[in-house]
Amino acid sequence: MSEKVVNESEQGKKTSDIHQTNGNGRRATGEMSLEDGTGATAESGHTTVEPVEPELETLPARNGKRRRIFMLAGAGVLVLAIVGTLYWIYARQFESTDDAFVEADITQVAPKVAAYVKKIHVSNNQFVHKGDVLIELDPAELQVHLQQARAQLEQAKSQRQVAAATVDLTEKTSSAGQQTAQSNVESARQNVEQQRLASQARQSQISQASAALKTARASLGQTQAQVPSARSTVQLAQVEYDRRQNLFSRGDISHENLDQAQNRLQTAKAQLNEAEQSVIAAQSRVNEAEANVRTAQETFRQSVAQVGLTQSQVGESQGRLQDASAAPERVEVSQTQVGAAEATIQAAEAEVAQAELELSYAQITAPEDGFVTRKTVEEGQLVQVGTPLMAISQSDDVWVIANFKETQLEFMQPGQKVAIEVDAFPSEDFEGHVESLQAGTGSRFSVLPAENATGNFVKVVQRVPVKIVFDEPADKVKRLVPGMSVEPSVKVR
3 MSEKVVNESE QGKKTSDIHQ TNGNGRRATG EMSLEDGTGA TAESGHTTVE
53 PVEPELETLP ARNGKRRRIF MLAGAGVLVL AIVGTLYWIY ARQFESTDDA
103 FVEADITQVA PKVAAYVKKI HVSNNQFVHK GDVLIELDPA ELQVHLQQAR
153 AQLEQAKSQR QVAAATVDLT EKTSSAGQQT AQSNVESARQ NVEQQRLASQ
203 ARQSQISQAS AALKTARASL GQTQAQVPSA RSTVQLAQVE YDRRQNLFSR
253 GDISHENLDQ AQNRLQTAKA QLNEAEQSVI AAQSRVNEAE ANVRTAQETF
303 RQSVAQVGLT QSQVGESQGR LQDASAAPER VEVSQTQVGA AEATIQAAEA
353 EVAQAELELS YAQITAPEDG FVTRKTVEEG QLVQVGTPLM AISQSDDVWV
403 IANFKETQLE FMQPGQKVAI EVDAFPSEDF EGHVESLQAG TGSRFSVLPA
453 ENATGNFVKV VQRVPVKIVF DEPADKVKRL VPGMSVEPSV KVR
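Residue numbers for the sequence shown follow the working numbering, beginning at 3 and rising by one.
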């Protein structure tokens with residue numbers, strides 16, 4: 003802030019400001035700066051020459067600084083544009099998805115005969131070779147069936163021998179043929195009676211087995227009825243124990259009272275476990291009784307068939323007796339018996355082969371090399387035909403099923419290279435190639451395909467399964483197991 007310099011002369015006139023500007027930006031003035039300590043002080047009758055800030059000189063410097071900032075910003079934007087363009091050019095060469103998983107052939111292992119499990123030779127996640135014994139079934143019933151089949155075969159062979167001998171005797175002696183026919187009639191009648199008695203015994207066995215099955219089912223119902231009560235007891239005991247534990251934590255009851263509640267809870271749980279085990283045992287007895295009923299019914303059916311066979315033999319013997327006077331007819335009938343015996347032998351041999359085959363099924367072997375998974379069988383368990391007992395995961399042949407969006411398939415085709423990232427092994431890179439594209443979307447082959455005929459339609463991008471196989475050594479991919487999550491990137495351009 004400046005004031006005008008007052009002339010100290012007696013006239014007391016105010017001197018006018020003298021403004022003189024030279025070429026260096028300085029001016030001469032009659033003002034004196036009172037605020038600037040460095041300003042010159044006006045003497046009596048003199049004016050002070052004060053320097054002016056060089057504002058005009060700083061303007062070019064400021065403009066240059068702004069220009070450099072704008073140039074740097076423009077260069078940065080240009081670099082980002084170039085990098086983004088290069089990344090877009092590179093990224094558009096690939097199509098990737100995280101909806102992809104490792105797949106492999108999984109073979110279900112199931113028994114071909116119904117029997118009790120005698121011994122299990124493997125455990126979960128154990129590697130087995132093709133042909134290794136996995137499970138041994140109890141062969142007792144199968145061996146009995148084989149013995150019966152062999153006995154029937156021997157019986158059929160004996161019948162063939164008898165028929166052949168009958169032909170020889172008929173050809174040699176026509177007079178003795180009548181006596182032989184009479185003997186055959188009696189023998190056949192005895193066989194019929196024996197088979198009828200045996201059939202009645204088999205029918206009685208069916209009744210006994212059915213009664214045992216009914217008893218087992220009743221026992222199962224009783225044991226099953228005990229389980230809800232035991233569960234209710236456990237729930238009540240748990241509530242009481244929680245309540246007392248809360249009281250004990252606040253010091254309202256003694257530790258002894260808490261122990262009593264805990265003991266009651268443990269007792270209730272033990273009773274529940276016992277009831278559940280009783281249900282399992284009762285169910286096992288029901289299964290065994292059902293198997294016994296089926297066995298008895300099959301035996302009865304065979305017995306009835308045998309009765310029919312022996313009755314036909316009676317008729318044949320009676321026919322031979324009536325026609326004993328005619329030797330040619332007797333020979334022809336005897337030869338017919340030989341043919342029937344041959345057919346019986348063939349049927350018996352087939353039964354023996356079937357029984358031997360079923361006996362071989364008592365040893366369940368590994369169908370392929372792989373790892374044992376999902377083992378659900380235990381020793382002593384009664385298994386039925388076709389019931390899955392475990393699965394064999396074949397680790398030597400794995401692939402990837404990637405569900406790509408339909409909008410990603412424009413340039414995708416078999417044979418294209420694929421980079422595969424496995425979530426379980428993030429530090430390792432896997433390579434493969436596209437083997438095939440499924441001829442249909444995943445939703446089309448679902449259990450309940452979408453129906454869009456109601457009039458309300460929302461377009462949803464569909465996904466198409468793509469099979470990708472690995473181009474890696476077997477030692478590298480053998481660690482991959484079915485179900486692992488992967489992220490494949492297919493080079494489509």
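The set of hints was computed from the structure by calculation and includes no laboratory data. Some hints here could point you the wrong way.
Unchecked claim - Taking lysine to any residue and the SDA-like style, the derived pairs with C-alpha atoms no more than 25 Å apart in a straight line are: (1) K480 with F432; (2) K114 with R152; (3) K114 with F129; (4) K377 with Q365; (5) K120 with T109; (6) K493 with L88; (7) K121 with E138.
Claimed, not checked - Listed next, with one range per pair, are the computed distances between beta-carbon atoms: (8) Q110 with Q356: 21 to 29 Å; (9) A421 with V81: 48 to 56 Å; (10) T409 with P369: 53 to 61 Å; (11) Q240 with Q110: 37 to 45 Å; (12) R152 with P230: 18 to 26 Å; (13) Q228 with Q356: 40 to 48 Å; (14) D425 with L450: 26 to 34 Å; (15) Q348 with A272: 34 to 42 Å; (16) E489 with A355: 15 to 23 Å; (17) R245 with A272: 14 to 22 Å; (18) R495 with E474: 39 to 47 Å.
Here a beta-carbon is modelled for each residue, glycine too, at the ideal position from N, C-alpha and C.
Hint check results:
1. Under the criterion of a C-alpha separation no larger than 25 Å, the hint pairing K480 with F432 is consistent with the structure, at around 12 Å.
2. For the suggested pair K114 and R152, the alpha carbons sit about 21 Å apart, so the restraint of at most 25 Å is met.
3. A distance of roughly 23 Å separates the Cα atoms of K114 and F129; the hinted pair therefore holds under the 25 Å criterion.
4. Simply put, K377 and Q365 have alpha-carbon atoms about 16 Å apart, close enough for the 25 Å limit, and the pair holds.
5. Between K120 and T109 the CA atoms are separated by roughly 22 Å; this keeps the pair inside 25 Å, and the hint holds.
6. Restraint check for K493 and L88: satisfied, since their Cα atoms lie roughly 16 Å apart, inside the 25 Å limit.
7. Taking the CA atoms of K121 and E138, the gap is near 5 Å; set against the 25 Å cutoff, the hint holds.
8. A C-beta distance of roughly 24 Å is found between Q110 and Q356, which places it inside the suggested range of 21 to 29 Å.
9. For A421 and V81, the hinted distance range of 48 to 56 Å is not satisfied, since their beta carbons lie about 28 Å from each other.
10. At roughly 41 Å, the beta carbons of T409 and P369 sit outside the given window of 53 to 61 Å.
11. As the Cβ distance of Q240 to Q110 is approximately 39 Å, the hint placing it in 37 to 45 Å holds.
12. Checked against the hint of 18 to 26 Å, the C-beta distance between R152 and P230 comes to roughly 51 Å, which is inconsistent with it.
13. A C-beta distance of roughly 43 Å is found between Q228 and Q356, which places it inside the suggested range of 40 to 48 Å.
14. Evaluation of the 26 to 34 Å hint for D425 and L450 yields a pass: the beta carbon distance comes to about 30 Å.
15. With their beta carbons about 60 Å apart, Q348 and A272 fall outside the hinted range of 34 to 42 Å.
16. Against the hinted window of 15 to 23 Å, the Cβ-Cβ separation of E489 and A355 comes to about 54 Å, which falls outside the hint.
17. The beta-carbon spacing between R245 and A272, approximately 21 Å, falls within the hinted interval of 14 to 22 Å.
18. For the hinted restraint 39 to 47 Å between R495 and E474, the CB-CB distance of approximately 24 Å leaves it violated.
Violated hints, in rising order: 9, 10, 12, 15, 16 and 18; the structure is consistent with all others.
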